[in-house]
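Those sequence lines, one after another, are chains V, D and L. Taking my numbering, I'd label the letters of the first sequence as residues 1 to 291. Taking my numbering, I'd label the letters of the second sequence as residues 1 to 240. Taking my numbering, I'd label the letters of the third sequence as residues 1 to 338.
No lab work stands behind these hints, which were simulated from the structure alone. Hints may contain errors.
Cut-off 35 Å, straight-line C-alpha distance, at most; resulting in silico cross-link-like pairs (DSBU-like, lysine-lysine) [what the hints assert, rightly or not]:
id, chain 1, residue 1, chain 2, residue 2
1, D, K129, L, K215
2, D, K7, D, K219
3, D, K130, L, K86
Every value quoted in this text rests on a predicted model; they were computed, and no experiment measured them.
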Amino acid sequence: MADISTLIQVIVSALLLGGIYSLIAAGFNLIYGVMDIINCAQADLMMLAMYLCFWLFNLYGVHPLLMIFVAAPLFFIIGTLIQRLIINRLLGAPSFIQAIATIGLGYVLQNLALLFWKEDYRMIYMPYTTAVTIIGSISISLPRLVAFMGCLIMIVMLHILLTRTDFGRSIRATSENREAAALMGINVKYVYALVFGIGVACAGIAGVFTSTFYYTYPTVGTVFLLKMFVVVVLGGCGNVLGSIAGGLIVGLAEGVGSFLLLPSWKDAIYQIIFLIVLAIKPTGIFGEKKV
Amino acid sequence: MRILEVKNLTKRFGGLIALNNVSLSVEKGEILGLIGPNGAGKTTLFNCITGFYRPDSGDIIFDGQNITKLTPHDIAIRGIARTFQAVKAFQSMTILESVTTGALCRAKNLEEAKRRAVKTLEFFGLLEKKGIPTHGLTIVDQKRLGLASALATEPKLLLLDEVVAGLNPVEMEEVINLLKRIRDLGVTLFVVEHLMHLIMSIADRVIVLHHGEKIAEGKTAEVATDEKVIEAYLGERFIA
Amino acid sequence: MILTSRIDRLLSPKFYFPLILLIAALLLSLWLPPFLLHVAIMIVLFSYLGIAWNILCGYTGKLGWGHAAFFGIGAYTSTALYIFYKVSPWIGMVFGAMFAAAYGAICGVFCFRFRLGGHYLVIATIALAEVVRVVFINWADMGGAWGLLLPVVPDSWFEFQFHTTRIPYFFIALALLLMVLYVEIKLVNSKLGYYFISIKDDEGMAESLGINTFKYKVIAMVISAALTAFGGTFYAQYVLYISPETVMPLSLSTDILIGAVVGGMGTIAGPIIGAVIIQLIHEFTRAYIGRAGLDYVVAGTIMVLIALLRPHGVIEWVERMYNKIIGLLPSIAGEEIS
Chain V
1 MADISTLIQV
11 IVSALLLGGI
21 YSLIAAGFNL
31 IYGVMDIINC
41 AQADLMMLAM
51 YLCFWLFNLY
61 GVHPLLMIFV
71 AAPLFFIIGT
81 LIQRLIINRL
91 LGAPSFIQAI
101 ATIGLGYVLQ
111 NLALLFWKED
121 YRMIYMPYTT
131 AVTIIGSISI
141 SLPRLVAFMG
151 CLIMIVMLHI
161 LLTRTDFGRS
171 IRATSENREA
181 AALMGINVKY
191 VYALVFGIGV
201 ACAGIAGVFT
211 STFYYTYPTV
221 GTVFLLKMFV
231 VVVLGGCGNV
241 LGSIAGGLIV
251 GLAEGVGSFL
261 LLPSWKDAIY
271 QIIFLIVLAI
281 KPTGIFGEKK
291 V
Chain D
1 MRILEVKNLT
11 KRFGGLIALN
21 NVSLSVEKGE
31 ILGLIGPNGA
41 GKTTLFNCIT
51 GFYRPDSGDI
61 IFDGQNITKL
71 TPHDIAIRGI
81 ARTFQAVKAF
91 QSMTILESVT
101 TGALCRAKNL
111 EEAKRRAVKT
121 LEFFGLLEKK
131 GIPTHGLTIV
141 DQKRLGLASA
151 LATEPKLLLL
161 DEVVAGLNPV
171 EMEEVINLLK
181 RIRDLGVTLF
191 VVEHLMHLIM
201 SIADRVIVLH
211 HGEKIAEGKT
221 AEVATDEKVI
231 EAYLGERFIA
Chain L
1 MILTSRIDRL
11 LSPKFYFPLI
21 LLIAALLLSL
31 WLPPFLLHVA
41 IMIVLFSYLG
51 IAWNILCGYT
61 GKLGWGHAAF
71 FGIGAYTSTA
81 LYIFYKVSPW
91 IGMVFGAMFA
101 AAYGAICGVF
111 CFRFRLGGHY
121 LVIATIALAE
131 VVRVVFINWA
141 DMGGAWGLLL
151 PVVPDSWFEF
161 QFHTTRIPYF
171 FIALALLLMV
181 LYVEIKLVNS
191 KLGYYFISIK
201 DDEGMAESLG
211 INTFKYKVIA
221 MVISAALTAF
231 GGTFYAQYVL
241 YISPETVMPL
251 SLSTDILIGA
261 VVGGMGTIAG
271 PIIGAVIIQL
281 IHEFTRAYIG
291 RAGLDYVVAG
301 TIMVLIALLR
311 PHGVIEWVER
321 MYNKIIGLLP
331 SIAGEEIS
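Excised from the complex, chain V in its bound form:
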């Protein structure tokens, strides 16, 4: 019988990864909640951020965590560009068509990465990435812990932005009723561009954190995308705070699953949980929300 501390270690490790899922999902939920747009390229954008950190570390020795300050604005701008060029024309389109467009975008990103950087698995190797902290009798990977807390802080900050600031109020007004918001003087196009930018920035920041302890490769986005969908449905489509719960559940399921069963089954665990949730309460544990 494996001992309890191994069990807890495995579970905690997986749970912490859930924080990453939550942040990616939070960005997705923001976009979906406000604009009704399904951004399937969310995880592939995260992949770009991961490569950004990897190359800047390998070429110039930049500590990945510093990249948050670069990635956030950079991906925000990338997000607004994508919104202006592509997403704008998808507003109101059926969700299948949105999926086609954003998955197409994801393909482009994945395969450009493949073309330029090959399919090799990359990893940032520095003392930080293998550091551990010991809590009680459990050793926890430090970058994972930092990533988890960082992601949670980001989500909470996003929530505060949405609920306590004027800007957040404009966003929520626009998401409730586009025409009414426009009549009240809110520049809807501007809001949409900003919202998409913030959503993509979330993916970028998530990528920065992930690069400190996870392999970087062109198709890493696909893996995270599927988990993100499950997180989104679990926590409630469009529900930013709900992403936290969804991410924790998926993380927990992965941890418990890989402990009880072979690790190769863990991909099926969260899919099955997802199917069960779809059957029982498709609007998610915390319900769908307009942002």
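Position chains D and L relative to chain V; hints supplied.
Just chains D and L now, with coordinates in the frame of chain V:
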């Protein structure tokens, strides 16, 4: 003979009570009217009868059988057809194809369904237009098409939800005559209307709903002068 | 006279042009170099798969993104029966379709019982397909993640393998395509066709006309699944190696539906046109660039462009061009009888 009985029907949406203990019955062969101000629960009642909503309590008995918990298609097969308030039509199909879809309910095969559909189109005077795609029709014609498709299922009871909304007086007369001809075919009609004019000229009896409750029932002329009814309509458009 | 007018109709360009195209395709295949023959086979295969997908998704409007599971079940069933029990792949194909149909029924009942639609349906079908993939990755007897290698035997119709020339594969693929086209045309003009399209246009109204929408959606899924599985068996016999990563991945589901979307969902020729476009891009960019990647960059760009500019597919353009060509061709009978 009662073809439809609604007993103590209650339907809630969250905290809102849409139908509160409503009971009524429809006699075979009659034209029964259902009126009431907006939000009175008329469409909710129709949706419960046709299986689109599950009532919270109460029973619906059709032709002696309890249909309360059946699916919409089961209820349609048993002989209740309906039209919808919003324009609902098969946009990818032609007129003939739409009505054929309805006729498939009773026909043994596609060929027979097409033949019955042609007969139904003749009845409606839509035969020359049979090859026109639905999306090319006016709203008025699309509504007529919805009615034709419903009639093609050869129902015993036909529920009509605001079938004259948006029509001018001439078109309304046509519809009134059409409904009388449908009744002559042996179909019982249960007609929801917002405008008293249609009900007055066609319905044998009338039921009035207000805030989800039945507030009056009886012969049309009596109900029209009932105080409670007039009060309910105060502030609403009331066209006698 | 009825007899002569029938012949006259056959001699009008509307009929003889497609026939000429078909015969040209058949003859051309006899002279094509191996690489182009391979491209042709892929085009035909993905046309077939796109049409099979269309039968569920284009006609009922219920859009699934998990058909790779059905493809893979078909491939694995026939391969396992062949390797372990020496069953001819032709018979294995039928069993593959049966198992895929069963899983299609499960997926259909699950998705449509809970009335999933729109993006929920997409994610659910992806999940249902992923579960199958993970099951096969962990199934040691089926080769696990390594997959199964089919034994190479000399050319044989019974064993469904041809090596001296791949032309028989082309003919088989073409036969499958013609079969599925026949099924589709019969379907559209049958009761089922009316039911499917009514479900796509307005499910509520269809129910009110006595149509059991749940039953017919499941039927559509089952038919689509079974047909897709045939393609899986064909692929297994063509490539002679299958694994969860090659016959069941999410990207395959995307590849299957992208032809239908680019060409035009819900149309008969749409998936074929789309398959031609996408497969030509795939095969030629892969061949001339050498490295993987560019083909999907182009495919991805096309996906974005189609979604933005022509969500209904390019079939309208193609139809217009086709009609122009038909208009220019002479009618052999002398007078245009349409």
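* Going straight from one Cα to the other, do K130 (chain D) and K86 (chain L) come out at no more than 35 Å? -> Given pair K130 (chain D), K86 (chain L) is violated - Cα atoms ~56 Å apart, limit 35 Å.
* Mind checking the alpha carbons of K129 (chain D) and K215 (chain L) for me, to see if they're no more than 35 Å apart? => Since the Cα atoms of K129 (chain D) and K215 (chain L) sit roughly 32 Å apart, the hinted pair holds (cutoff 35 Å).
* 35 Å Cα cutoff - pair K7 (chain D), K219 (chain D) -> Judged against 35 Å, a Cα distance of about 20 Å means the pair holds.
The structure fails hint 3 only (numbered hints given earlier).
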